[in-house]
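Engineer: Using the numbering used here, the first residue of the sequence shown is number 8, and each one after it goes up by one.
Worth flagging that the hints you see were computed from the coordinates, not collected in a lab.
Incorrect hints may have been included.
Below, simulated DSBU-like cross-link-like pairs (lysine-lysine); rule was C-alpha separation at most 30 Å, straight line [said to hold, decoys possible]:
1) K119 to K100
2) K100 to K16
3) K37 to K61
4) K16 to K119
5) K16 to K61
6) K119 to K61
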Amino acid sequence: MIDRHETAKVLNGLVQTCKDGEEGFRTCAKAVLSPPLQELFEARAEECAASAEKLQSLVMELGDTPEDDTSIGGDMHRHWIDFKALVTGQNEKAILDECERGEDAAMEDYQKALDQPLPPAIREIVQVQYAGVIRNHGQIRALRESGRI
């Protein structure tokens with residue numbers, strides 16, 4: 008098992024992942040015209056925010072300072088979504104493509120975190136959140152592939 012500081016470092020990485028997801032879904036909600044997609048993206052943004060808050064509280068319990076910002080990569084991805092929406096005329100399939108890419112990155116971040124020897128109670132929380140990321144990814148992929156947006 009890794010020490011408290013290393014555990015907090017892993018969790019802070021996931022906080023950034025969640026903050027990136029929150030902001031990414033909000034960006035996607037603004038980039039689409041479909042009210043059902045806007046609602047879906049806003050709901051996912053709220054889930055990401057709740058996940059970040061949970062992880063931040065765990066970091067504080069470990070006696071460390073929680074991250075409260077997005078990553079540079081996430082910032083760049085959101086700007087790309089804005090640009091793609093502008094260029095494609097708010098093409099919802101193109102926006103879903105970018106959402107799926109964002110969830111691919113989140114899945115990878117959670118997989119890396121779960122590769123670490125986290126304390127059992129923290130591992131369980133991370134696994135539950137990871138299942139949510141997998142669900143989001145699957146839902147977005149299904150919407151994109153169905154063509155029924």
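Engineer: Evaluate each hint against the coordinates.
Structural biologist: Hint by hint, here is what the structure shows:
The hinted pair formed by K119 and K100 meets the criterion: a straight-line CA distance of about 29 Å does not exceed 30 Å. For the hint pairing K100 with K16, the CA-to-CA distance comes to about 35 Å; that exceeds 30 Å, so the pair is violated. Our distance criterion of 30 Å between C-alpha atoms is met by K37 and K61, whose separation comes to about 26 Å. Straight-line distance between C-alpha atoms of K16 and K119 comes to about 12 Å, which keeps the hinted pair within the 30 Å bound.
Taken as a hint, the K16 and K61 pair is honoured in the structure, with Cα atoms around 15 Å apart against an allowance of 30 Å. In summary, the hint linking K119 to K61 is supported, as the alpha carbons are separated by about 19 Å, within the 30 Å threshold.
Checked against the numbered hints given earlier, the structure breaks only hint 2 and satisfies all the rest.
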